[in-house]
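Engineer: Chains Z and P are the protein sequences, given in the same order.
Under my numbering, the first sequence has 230 at position 226, and the numbering climbs by one with no breaks.
Under my numbering, the second sequence has 110 at position 53, and the numbering climbs by one with no breaks.
Since the hints were derived computationally from the structure, they do not count as laboratory data.
Here a beta-carbon is modelled for each residue, glycine too, at the ideal position from N, C-alpha and C.
Please note that the accuracy of each hint is not assured.
Residues from chain Z that keep clear of chain P, each with C-beta distances beyond 10 angstroms, as calculated [said to hold, decoys possible]: (1) W64; (2) A138; (3) W216; (4) N245.
In the SDA-like style, the derived pairs of lysine to any residue whose C-alpha atoms are separated by at most 25 angstroms in a straight line are [said to hold, decoys possible]: (5) Z:K12 with P:P333; (6) P:K237 with Z:T47; (7) Z:K12 with P:V253; (8) Z:K12 with Z:T26; (9) Z:K12 with P:I275; (10) Z:K12 with P:T227; (11) Z:K12 with P:G173; (12) Z:K12 with P:F195; (13) Z:K12 with Z:T23; (14) Z:K12 with P:D286; (15) Z:K12 with P:T296; (16) P:K237 with P:Q220; (17) P:K237 with Z:S46; (18) Z:K12 with P:I285; (19) Z:K12 with P:S187; (20) Z:K12 with P:R192; (21) P:K237 with Z:F28; (22) Z:K12 with P:W194; (23) Z:K12 with P:G191; (24) Z:K12 with P:G287; (25) P:K237 with Z:H49; (26) P:K237 with Z:W50; (27) P:K237 with P:Y142; (28) Z:K12 with P:S274; (29) P:K237 with P:V253; (30) Z:K12 with P:Y280; (31) Z:K12 with P:R196; (32) Z:K12 with P:S284; (33) P:K237 with P:T227.
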Amino acid sequence: MREDRTFKIVRVAGLAFFTLITLFPLYTVVISSIKPLADVRSTFHWVPSRITFAPYADIWSTIPLARYFMNSLLISLGATAISVFVAILAAYAISRYRFSGRGVFSLTVLSTQMFPGILFLLPLFVIYVNLERAIGIQLYGSYAGLIITYLTFALPFSIWMLVGYFDSIPRELEQAAMVDGTTALGALFRVLVPVSMPGIVAVAIFAFMTAWGEVLFASVLTDDATRTLAVGLRNYAIQSNVYWNQLMAAAIVVSIPVVAGFLALQRYLVQGIAAGGVKG
Amino acid sequence: MGSTRHKKPESENRQVRQRSDEHVFPKARVRPQIFPYLLVLPALLFELLVHIFPMLVGVGVSFLELTQFYVRNWSAAPFVGFRNYLDGLDPSGPIGGALAQSFLITFAYTVLVVGGSWVLGISAAMLVNSEFRGRRWFRALFLIPYALPVYVAVIAWSFLLQQNNGAMNTLLVDNLHLLKERPFWLIGNNAFWSVVMTSLWRSWPFAFLMLLAGLQSIPAELYEAASIDGASRWRRFRTITLPLLRPVNLVLLLVLFLWTFNEFNAPYVLFGQAPPATADLLSLHIYVNSFVDWNFGLGAAMSVLLLLFLLVVSVVYIRVLRVGGEGDA
Chain Z
5 MREDRTFKIV RVAGLAFFTL ITLFPLYTVV ISSIKPLADV RSTFHWVPSR ITFAPYADIW
65 STIPLARYFM NSLLISLGAT AISVFVAILA AYAISRYRFS GRGVFSLTVL STQMFPGILF
125 LLPLFVIYVN LERAIGIQLY GSYAGLIITY LTFALPFSIW MLVGYFDSIP RELEQAAMVD
185 GTTALGALFR VLVPVSMPGI VAVAIFAFMT AWGEVLFASV LTDDATRTLA VGLRNYAIQS
245 NVYWNQLMAA AIVVSIPVVA GFLALQRYLV QGIAAGGVKG
Chain P
58 MGSTRHKKPE SENRQVRQRS DEHVFPKARV RPQIFPYLLV LPALLFELLV HIFPMLVGVG
118 VSFLELTQFY VRNWSAAPFV GFRNYLDGLD PSGPIGGALA QSFLITFAYT VLVVGGSWVL
178 GISAAMLVNS EFRGRRWFRA LFLIPYALPV YVAVIAWSFL LQQNNGAMNT LLVDNLHLLK
238 ERPFWLIGNN AFWSVVMTSL WRSWPFAFLM LLAGLQSIPA ELYEAASIDG ASRWRRFRTI
298 TLPLLRPVNL VLLLVLFLWT FNEFNAPYVL FGQAPPATAD LLSLHIYVNS FVDWNFGLGA
358 AMSVLLLLFL LVVSVVYIRV LRVGGEGDA
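Put together the whole structure using the sequences plus the hints.
Structural biologist: As structure tokens, this is what we get:
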């Protein structure tokens, strides 16, 4: 397409605008994380009077950040792995089979997306507590409870996107494998899954980010031993004074895994959305 | 609705399958009933445990007077019929009045955040849609707010919106001299704009991502042909871009609407359990009623009302705009 001069000027101005609004909070966080405590408590200055990396060392002792980090990692990885696996199975059924109840199932799963979390938070808590009493599986305050909860948060979107993705892949691929005597499940995991990797990676990123960032359920369903970052970071502010510089340093540290992963894999995400969901 | 988005390929697929089934899907033919159900079973069980069943319990609780006196002993909570609902829906009473207020605030907040996200998203997507140097870097940069954990994004804003040591007041008062006094952002009337800005900053990159994916699926030849015919840039946007983005837009706006209307994280992390009256969003309002005032029955009734509202809006939206073609739902 012809790129006229006006458009180039508009593009430079527009990109400058978007860069500024994106960087303003990010810069504030980064610069405040290397300021001494006295500086972040007084009027904000764009250039620090003194640079210190002490906040990055102190964050680990002010609160048990390492434990929160491990908890978040275990729970998010667990939820991601199971939800991707479950979503692949369900999406395969919806994409490749016509069975009665198929429409109802898709609609039900999708509509759970609009449930206000607040509506089922308390009942879920009560169910977990009672399940433990009844069958002895500890769900409240355990990794398993939060993993199960989070994996369902990602399921509707994951299934919906994978159905779109699988639909775009010709059946002949699996059929060829089945002629060779592979079972339907074998065809799914040996043929369909490998060619659907961009879509699956996109779904996995989404599931991981959902779990890593969730606040409401984590605040009710975890105890001191299983507390995640989303809840634990608040402890920098709970003590009588707020350690703003440490809070900002911790915010950066806990963001690095997801932001790095997201940016490294974002082209899969765009491909996955383009091939799956967005097609309409 | 997801099932018929691909009307055409599906019918083609079906023909292909009918022809080849006899040879290639022997298992599926012998046990056509069981296998697909086994595949969806795990998803179904998890959804039942975490969503469907708790939701039904929640609906049950909404008919009880479940206050702090009965929290330890649920079965003793008196059945009160629709009283929680009547309290919530009566705009002249204290409970209903506060709920109506909260609803209006949430509505205004949702319109601003969803509308703003779309406008910013489509603008940025158009800017980086064509090839230029550094394009990859801008695309990655714009996605960072969305990639951040929600609470990190909100914590960043809660810091820069501090009255005495926040960057916003340094920018507006000391650098740009737009204001004389350093305003409070997190209490009073400004709180509404604070939560709008925070949510908008985090959600526009999602619109950007979806719209960019949509734009890239539009063949460049269409624009070239229109250019040769002398169509202006604005005309090309109206006659090519917008119509072809329609499927993306329909889904994007619905998803953004549902997320934004249910938003809990931004007001909770910004304001804690005592939000200023102007930023009393519904999810937090219900949370305070349930977990701070210990009135679970009322909170559950409010949640059910919220769910019904979202359900009605979504169904009308899907029917009127025919999201997903003919629809079998």
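Engineer: Work down the list of hints and note, for each, if the structure agrees.
Structural biologist: Do the hints match the structure? See the list:
{"no.": "1", "hint": "W64", "verdict": "holds (17 angstroms)"}
{"no.": "2", "hint": "A138", "verdict": "holds (13 angstroms)"}
{"no.": "3", "hint": "W216", "verdict": "violated (5 angstroms)"}
{"no.": "4", "hint": "N245", "verdict": "holds (12 angstroms)"}
{"no.": "5", "hint": "Z:K12 with P:P333", "verdict": "violated (44 angstroms)"}
{"no.": "6", "hint": "P:K237 with Z:T47", "verdict": "holds (15 angstroms)"}
{"no.": "7", "hint": "Z:K12 with P:V253", "verdict": "violated (31 angstroms)"}
{"no.": "8", "hint": "Z:K12 with Z:T26", "verdict": "holds (21 angstroms)"}
{"no.": "9", "hint": "Z:K12 with P:I275", "verdict": "holds (21 angstroms)"}
{"no.": "10", "hint": "Z:K12 with P:T227", "verdict": "violated (32 angstroms)"}
{"no.": "11", "hint": "Z:K12 with P:G173", "verdict": "holds (24 angstroms)"}
{"no.": "12", "hint": "Z:K12 with P:F195", "verdict": "holds (15 angstroms)"}
{"no.": "13", "hint": "Z:K12 with Z:T23", "verdict": "holds (16 angstroms)"}
{"no.": "14", "hint": "Z:K12 with P:D286", "verdict": "holds (22 angstroms)"}
{"no.": "15", "hint": "Z:K12 with P:T296", "verdict": "holds (22 angstroms)"}
{"no.": "16", "hint": "P:K237 with P:Q220", "verdict": "holds (13 angstroms)"}
{"no.": "17", "hint": "P:K237 with Z:S46", "verdict": "holds (18 angstroms)"}
{"no.": "18", "hint": "Z:K12 with P:I285", "verdict": "holds (20 angstroms)"}
{"no.": "19", "hint": "Z:K12 with P:S187", "verdict": "holds (11 angstroms)"}
{"no.": "20", "hint": "Z:K12 with P:R192", "verdict": "holds (13 angstroms)"}
{"no.": "21", "hint": "P:K237 with Z:F28", "verdict": "holds (21 angstroms)"}
{"no.": "22", "hint": "Z:K12 with P:W194", "verdict": "holds (17 angstroms)"}
{"no.": "23", "hint": "Z:K12 with P:G191", "verdict": "holds (14 angstroms)"}
{"no.": "24", "hint": "Z:K12 with P:G287", "verdict": "holds (19 angstroms)"}
{"no.": "25", "hint": "P:K237 with Z:H49", "verdict": "holds (18 angstroms)"}
{"no.": "26", "hint": "P:K237 with Z:W50", "verdict": "holds (19 angstroms)"}
{"no.": "27", "hint": "P:K237 with P:Y142", "verdict": "violated (47 angstroms)"}
{"no.": "28", "hint": "Z:K12 with P:S274", "verdict": "holds (22 angstroms)"}
{"no.": "29", "hint": "P:K237 with P:V253", "verdict": "holds (23 angstroms)"}
{"no.": "30", "hint": "Z:K12 with P:Y280", "verdict": "holds (17 angstroms)"}
{"no.": "31", "hint": "Z:K12 with P:R196", "verdict": "holds (17 angstroms)"}
{"no.": "32", "hint": "Z:K12 with P:S284", "verdict": "holds (17 angstroms)"}
{"no.": "33", "hint": "P:K237 with P:T227", "verdict": "holds (11 angstroms)"}
Hint check: violations occur at hints 3, 5, 7, 10, 27; the rest are consistent with the structure.
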